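Here is how the chains run, residue by residue.
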Amino acid sequence: MLTTEKLTYWYTSADQSLFKDVDLEFSAGHSYAIVGQSGSGKTTMVSLLAGLDKPRGGKIKFNGADIAGIGLSNYRKNDVAIVFQAYNLFTYMSALENLMSAMAITESKHKGDKAFAKQMLAKLGLSEEQMTKNVQKLSGGQQQRVAIARTMVCDAPLVVADEPTGNLDEENTDAVINLFQEIARDLGKCVIIVTHEPDVANRCDAVIRLAHKQFTWEKTIAEN
Amino acid sequence: MNFVKRAWLNLRFKKGRTALLILVTSAIMLFVLAGLLIKSAATTATQQAKDSVGATLTLSANREAAFKKMRSSTSTTSGKPTMPKLTTSPVKLSTAKKIAALSGVSSYSATVSTSANAKGFDAIETSSSSSGFGGKMPGGSTSSGDITVSGVTSTASNSNFSNDTYTITSGRGLKASDADTKNVVIETNLAKSNSLKVGSTIKLKATTGSKSTYTLKVVGIYKAKSSATASMGPGQSDPANTVFTGTTFANTLKGSKYAGTADSVTFNVSTPSKVASVKAQAKKLINTSKYSINSDDASYQMVKASMKSVTGFANKIVWLVVIAGTIILALIVILMIRERRYEIGVLLSLGESRMKIIAQFFVELLVVLVIGVGVAGVGGKFVGDKLAQQIVSTQTTTTSTTNQMGGMPGGSGNAQGGAPSGQMGNRANAMATQKQKQTKLSTQVTPQAILLLIAVGLVIIFIAILVGAGGILRLQPKKVLIG
Ligand SMILES: Nc1ncnc2c1ncn2[C@@H]1O[C@H](COP(=O)(O)OP(=O)(O)OP(=O)(O)O)[C@@H](O)[C@H]1O
Ligand SMILES: [Mg+2]
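From first to last, the protein sequence lines are chains A and B. Oh and the first sequence: position 57 is 57 in this note's numbering, straight run, nothing missing. To convert, take the position in the second sequence, counting from 1, and add 224; that gives this note's numbering.
No lab work stands behind these hints, which were simulated from the structure alone. Just to be clear, a hint being listed does not mean it is correct.
Okay, derived cross-link-like pairs now, SDA-like style, lysine to any residue, Cα gap no bigger than 20 Å in a straight line [as the list claims (entries may be wrong)]: (1) Lys137(A) / Lys239(B); (2) Lys702(B) / Ser13(A); (3) Lys133(A) / Ala554(B); (4) Lys481(B) / Ile595(B); (5) Lys441(B) / Ser337(B).
Keep in mind that this is a model prediction, so the values were computed, not measured.
Starting from the given sequences, assemble the full structure and let the hints guide the process.
What follows is the structure, given as C-alpha cells:
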C-alpha cells in the first residue's frame, strides 16, 4: 500500500541527514510501530509518510503512485489520516462537530451522517453529553479517542500516528492501542504508529527501529 | 459549504473575539456610512440648489465690440479730425422673442431705461442732488430728465421686484398686457409728496426728439426698501424718482428709432445647469458683433462650489475611514490568523484547500460585517447629521468670506448689461438666503446607502483577507502540528 524508495531527509545539510536511502513497505490490514531514540527522526519520518513535508531525496509511493504526483494536499485529504500526540482537534467544536467537519473536508462516504459519527464516538466510550460539549472540556484520553474516531469516520486507508499514547495513562493507552488494532484488522487500514513505549510497540504487527540513520525491522509481519 | 459551518461554529464559540470584531467593524462602518450620507446629502442639496437658485441670460448691446470699432475707426481714418462715435445697437425685441422660445428659457423680461421731465408734479429732491433747481436740470441743455423711466415687460419679472427690494403697496404691478399702454407704477414717496393715488394721472415730457408731453395713468404704487434708497451714491437721482412703464412707452420717450427695442433683455433659465447650452443656442440667433449675451449663474455657481467642498470633505472622510478601516481590519485578520495557526494546521492536515480556509475567514468577517452594517445603519443618521452640521458651519464661514470678494466682479459684469442700480444689494440678499439653505444639510439612510456601505465593507474585508491570507498560503502544516 505504502512504499518508500531511497527516502532521504535532512534539515540543515545533506551530510547531516537523519536517514538516507530508506526502502520500506507497509501493507493494508496491518499495524506498524516505529521506535527509536529521541531525536533520531521518527516524527520527521511520519510527517513525510503523512504528506506534511517533502522528502529531500527518494520517493513515497501510495498504491504505486508518487504522492508528490498525487499532490500532498489531495493525498492528505483522500489517502491518509493523521493522529498526533497533541490530538489536533478543532478547539471551538464539540467531538461530534469535529468528526462531522473532518468527514466533510475529506469528503468521506459517511459525510453528513451524524448517526454514524455518534456511533463511532459511542464505540470509543464517549457519552452523548461528552460528544456534544466542547472538546477542550474532555480529558486527554477522551480527546485522543476523538482524534482516533476521526480516522475511523474518514475513508483514508492509511493511518499515521505520532506518539498517540504519549499523554495517556496505562488504561487509556490500552484502549487506544486496541482501537488501532481494530482499525487495522477490522477496517483493513494500514496503521503506522511512532511510539516510545515498548508495550505499545509489541502490540503492533511489525516493529521498525530507527537507529544510526537506518531503519531495521525488529519484527516483521511474517513473524506473527 | 462546510467552511461556512466552521465559520459559524467559530464565531459562536469565540464570543468575546466576535464581539470585539463586531465593535471595530461597526465603528468603521459607522464612519464610512456617515461620510457616504454627507456626500449624498450634499449632492441632494446641490440638486435642490440648482432648482431653487435662478440663472439668467442677459442680451444686450456688445459694448466691447463697439468700443473696439470706435478705436479702430479713429486710427484708420487718418487726417480727418472726426469725433469718435460709440454706436451701440439696442436689442431687437423680435430677436428676444426667438431666444425666449428656446427650450430651457422659462420667461424673459426686457428693460428700457430712459428719463423724462416731470410736468405738473415734482420729483423728489435728495440732499445729495443739486440744490436750487429742485433737482431739475435746465431743460434742453442735457438729455437727462429728473424722472428715471424704466420700461419693463412686467414689474414682476424685474429683478427689483422679484427680489423684494421693491414691493407693490397699492394698486397693481405692470403686466405683459400693459406693454402698449400708458400705465405707470410710481414710488410711494413720489406719490405722497405729489398727492398721487392709484387712478391719478401724471405728465412726462420727453427730453429728446419732439419733446412731447405724455399723460400716464398711475395703476400702482411701490415701496423701495430703505436699504436700496440709502445705497444710492451722490449725483444719482433718488430711486423714488424711478417710474415703471411698459417698454413701448419708454421707447417712445427715447425716440422713434428705438421702437421695438430694449436696452437689455433678461431670460430666466429654468435649469441653471443648462445655462451654458442655452447660451450657446442663443448665440446662434444673434449677431455677436453687435450684441452680447451674458450668463449670470453666480449664485448657482456659488452654491455648487460650496457643496462641492462639502462633498469633497465627505469624500475625504470616506477615503480616510476606508483606508484606516482596511489597515485596522487587515491587522486584526493577520493577528487572527497567527492566533489560529494551529487550527489552520489541523485543517491543512485533513487536506482542506487553502482557498477554503481563506473562505472560512471571509465568511466569518462577512457575518461580522453584516452586523456591523446593521449597527451603522441605526447609528449612521445620528453621526451623519452631527458631522454634517459641523462641516456646514465651517463651510458657511468660508463661503461668506469669499462671497464678499466674489461679489465685485459679478457686479461690474452686470453694469455692462445696463441693469438698474440696486442689483448689487439684491445679489447680497440672494447670497444670504443661500447660506440659510446650506445649513439644512440633512442626511438620510437609504437602502442604496446601505448597499453602498456593504460594497465598501466587502472591499475592506476583501483587502484585509488578501493581506492576511499571505500567512495562510505560506503556512506549513508540519511546522504547526509538530512543534
Ligand atoms: N525544523 C527543524 N529544523 C532543524 N532541525 C530539526 C527540526 N525538527 C527537528 N529537527 C531535528 O531533527 C532531529 C529529529 O527530530 P524528530 O522530531 O524527527 O525526532 P524524534 O525521533 O521524533 O524525537 P522524539 O522521540 O523526541 O519525538 C532532531 O535532532 C531535531 O533536533
Ligand atoms: Mg517525535
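Here is what the structure says about each hint:
For a cut-off of 20 Å, the pair hint linking Lys137(A) to Lys239(B) stands: about 17 Å separates their Cα positions. This hinted pair checks out: Lys702(B) and Ser13(A) have alpha carbons roughly 19 Å apart, not beyond 20 Å. In summary, the hint linking Lys133(A) to Ala554(B) is not supported, as the alpha carbons are separated by about 32 Å, beyond the 20 Å threshold. Taking the CA atoms of Lys481(B) and Ile595(B), the gap is about 78 Å. The hint is violated against a cut of 20 Å.
Under the criterion of a C-alpha separation no larger than 20 Å, the hint pairing Lys441(B) with Ser337(B) is consistent with the structure, at around 19 Å.
Violated hints, listed in ascending order, are 3 and 4; each of the other numbered hints is respected by the structure.
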